[in-house]
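Trainee: Listed here are the chains, written in short residue letters.
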Amino acid sequence: MPAILTRAIVMLLLTGYTAFAAGPFVWAAMMSLRTTTEISRNHFGLPFPPHWEKFGQAWFNSNYSVYFTNSAYVVATAVLVLTIVGAMAAHCLSRYRFRGNRFIYFLIFSAIIFPPQITIIALFQTLVTYGLYNNLAGLTLVYIALQLPLTVYILESFFARIPSDLFDAARMDGYSEWAIFWKVSLPIALPALATTVILNTILLWNEFLYAVVLITDEAKRTLPLGIQRFMGDQLEDVGMIATGLMIAIIPIVLIYAFFSEKLIQGMTAGAVK
Amino acid sequence: MATLTLDRLSKRYTSAQEVAVTDVSFTVADGEFMVLLGPSGCGKSTTLRMVAGLESITSGTLLIDGARMNDRPAKDRDIAMVFQSYALYPHMTVYDNLAFGLRRRSMPGSEIARRVRDAASTLGLDPLLQRKPHALSGGQRQRVALGRAIVRDPKVFLFDEPLSNLDAALRVGMRGELSALHRRLSATMLYVTHDQVEAMTMGDRICIMQGGNVAQIGAPLDVYAAPSNMFVATFLGSPAMNLLPAKLGPNRDVLHIGSQALRLSGPLADAAVRASSSDVLFGIRPEDVRSGSGNATLRACVLDVEPLGAETIVRLAPEGTSAEMLMRVPRTFSGRPDEIATITIDLAASHLFDPASTRRI
Amino acid sequence: MNHTAERPPWAAIIAFLLPALVIYTALTAYPVVRTFWNSLHKVLPNRPDEFVGLTNYATLLFTDDIFWRSVRNTLVWSVASPLFEVGIALLLALALYAKVPGARFFRIAWFTPVLMSYVVVGILWVWIYNYDWGAANASLRFLGLESLTRAWLGNPQTALPALILITSWMWTGFNMVVLLAALHSLPSEVIEAAELDNCGWSAKLWHVIIPLIKPTLLNLLVLSFIGKMKIFDLVWITTKGGPLWSTETVSTYLYKRAFEWSTFDLGYPSTIAAVWFVIIMGCVLGLTRLLRSRDRLEY
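In order, the protein sequence lines correspond to chains A, B and C.
For the first sequence, position 68 matches number 68 in our numbering, and the numbering has no gaps at all.
Numbers given in our numbering equal positions in the second sequence, counted from 1, plus 1000.
Numbers given in our numbering equal positions in the third sequence, counted from 1, plus 2000.
Just so you know, these hints were derived from the structure itself, not from any lab.
In this text the structure is predicted, and so the values were computed from the model without any measurement.
Each residue gets a CB set at the ideal place from its N, CA and C atoms; glycine is no exception.
Among the hints, erroneous ones may be present.
As the list claims (entries may be wrong) - For the chain B half of the interface with chain A, some residues (derived, Cβ under 8 Å), not all of them:
1) 1052
2) 1081
3) 1091
4) 1095
5) 1105
6) 1108
Stated by the list, open to error - In the DSSO-like style, the derived pairs of lysine-lysine whose C-alpha atoms are separated by at most 30 Å in a straight line are:
7) A/220 x C/2240
8) A/220 x C/2230
9) C/2214 x C/2240
10) B/1132 x B/1075
11) A/220 x C/2256
12) C/2214 x A/262
As the list claims (entries may be wrong) - Quick list of the computed label-pair ranges, beta carbon to beta carbon:
13) B/1104 x A/100: 54 to 62 Å
14) A/18 x C/2133: 18 to 26 Å
15) A/10 x C/2147: 53 to 61 Å
If we strip away everything but chain A, and leave its shape as in the complex, we get:
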């Protein structure tokens, strides 16, 4: 078969796959700008005229703003605390030799493959006991614990690669171990920190299982819960749901638009062997 023909077939298949991969979103995006009446007439029509006011309606008339802010609060707090606590642990495990170092590292690292089921029931019980059930602070704590292993894993390997001469020089300059962490380790590890922040933000923004178990109050729902509720509420209002979906994925899309390379690298780095 002549090369041109093979090329053409390959391009056709690739374009077909792209339609398959991106199609659903394009469809949802189109529907988000059309009213449900327009949609029921023709589910695949183009949004002419585009009904931008639907976004405003979704945000203000339903509890969307509440869900969004809850998620933002929980995720931002969790990622902030998670990054600092994880960085401290990773710095310590990678730089100091002491008995039990590798044991602790292995303990934390192995938690990455734990299925959530092994902790969820007991976490439910614990949070209830301490009055943190149905409480955004409680959920935040759970989220911090959830992503800690992965964060420590990623940061530890990065910290370990910093040449130890830098730390010796800083010690001789009179810096305490704590100051060395803040002034030497963290600034140098900025790329890896950025990666973990992006990764954790996306994973926690989309987190559903723990949220659905630990939060029941309407006013405290995070976004994924809110969308599910939204879907239940609106039932057949496909147009509204589509708009809601678009709002939910906007932060992700923004991060992806600006940091796609970093994001892709961060999420796939560990998998290449």
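Model the placement of chains B and C on the given structure of chain A, informed by the hints.
Mentor: Relative to the frame of chain A, chains B and C by itself:
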């Protein structure tokens, strides 16, 4: 500036039972440049790090200007160290790298700025002050590392193989600059290296270490001319000193090399008398062997001739033995492989070594 | 040479590790232990735990049909989906590796499904699978294949495959990006040597390229396997385990037993969690051991 005294300094790691450094003692006088020289693993870096305070001292005493330093943390010893890998903070500009150590010491900002600028101009770093390390060449990074030490105005400067990461041409230049810096600052400096050329050219005195112990201490040329044992003899000098198996005659006035004999006189004869056995190793440097006849001659079979332009290295085997030796001849050498040549030994520059103890007799 | 200070600065070490260890112990380690504890008890609200020994385990392993059905569903999912996800990803990666125009665009476009939450994906695909107007059946009708249209998520026979398609759709892009990176990191000398050896494209593929990226391939398969074993969100949004247990996974079953059905006993679902935990860890250890032995690659 200050004196630095190491008194029987030793280091044993708790994990391993072997000792890394044993009983190292020497004093670096005020303003002196002392080189710690030896192959990798000999303990020189460990000794340096003990002086710096980066390794704990197992036994012995460390004194700077008479004050005991053993238990003082590194930052309180008033020393500065230049690392092999420069250890520059990659996220800071050159200016900040130089100022970093000073900021910790509650020094007024104006004082910090003054010191940084002085060091920068001494080292030619003025145009680079706002750059970050990754935008600097190897030589420039080296200078920043030096600058960081200079701004501290310490009592003692420590260097841990600072030139190893530079290419050969740069190394030659930096050697001269470091020596000039030493003269300008009249600073007390302790310098670790495995490169004997650096040691010979830069040191006021050198301390050769082997296997955790001090092998010999002295001025470079003294050590070169009178090595205390076989290790020092072969470590200094390139190509290395020839060590030929030889036998002393019954009266200890004749040295038999292969099937030939050399009549001994002077210090060499005295050494021969002191020898505990008649089996010795005869040491002579390649440059002290000349082609042609003279007072002490040997006949040797030419094995190989390597003309290098400025000189020629000739590999020979004295008649009656299969041991090989090297001879350095200025310019060219007329002999060819498999010919017998006549060579003259400068007995005044020769040594006898005891094969069992490896010490010079 | 690596110099170690033999007296580690304990104060600093503890200060750095304490927050992480406290969080880990309280919210990860302790819950694991508590779950195992629960599994040996009847755990009812407002009453002390009642020790029942291994009764829960016996009930679970020997009489609980739904559990075993869910295990089967989950395992089918965890084996089938990775094969699709990684297989198709490999083909796509090879296509891009062969310097097809627009590679950068394709890479970014194909990666997007992975970023979305399972909730969003679930809703989208519920619409796609809608019998009357969903994109799936609409396309079939468009191609004149009316007879193939189904109530994809409502039919016990097609529900699980339909869900497997969804996860494959999601993760193929991710795997493709990883494989492309792996392909690019291959030493070009080896590929060039194969060129010189006059290999045809398929021979080069089978004998040179695939063996070289085998570690990455296996790694992706294992990662995908683990991910599918844990799956909950997607099922919950689309089918909630129906119809007729055809898409019931271990995680949805556990959730129902613990938080939805009015039995209130948390001990039994904890048993499910404990058993599943052991199965997953066993699979992971077994897989890594099995695959590690084939991992010697020297070039």
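Trainee: Does each hint fit the structure? Answer for all of them.
Mentor: Here is what the structure says about each hint:
| no. | hint | in the structure |
| --- | --- | --- |
| 1 | 1052 | holds, 7 Å |
| 2 | 1081 | holds, 6 Å |
| 3 | 1091 | holds, 4 Å |
| 4 | 1095 | violated, 15 Å |
| 5 | 1105 | holds, 7 Å |
| 6 | 1108 | violated, 17 Å |
| 7 | A/220 x C/2240 | holds, 23 Å |
| 8 | A/220 x C/2230 | holds, 26 Å |
| 9 | C/2214 x C/2240 | violated, 36 Å |
| 10 | B/1132 x B/1075 | holds, 25 Å |
| 11 | A/220 x C/2256 | holds, 22 Å |
| 12 | C/2214 x A/262 | holds, 25 Å |
| 13 | B/1104 x A/100: 54 to 62 Å | violated, 31 Å |
| 14 | A/18 x C/2133: 18 to 26 Å | holds, 23 Å |
| 15 | A/10 x C/2147: 53 to 61 Å | violated, 31 Å |
Violated hints, in rising order: 4, 6, 9, 13, 15; the structure is consistent with all others.
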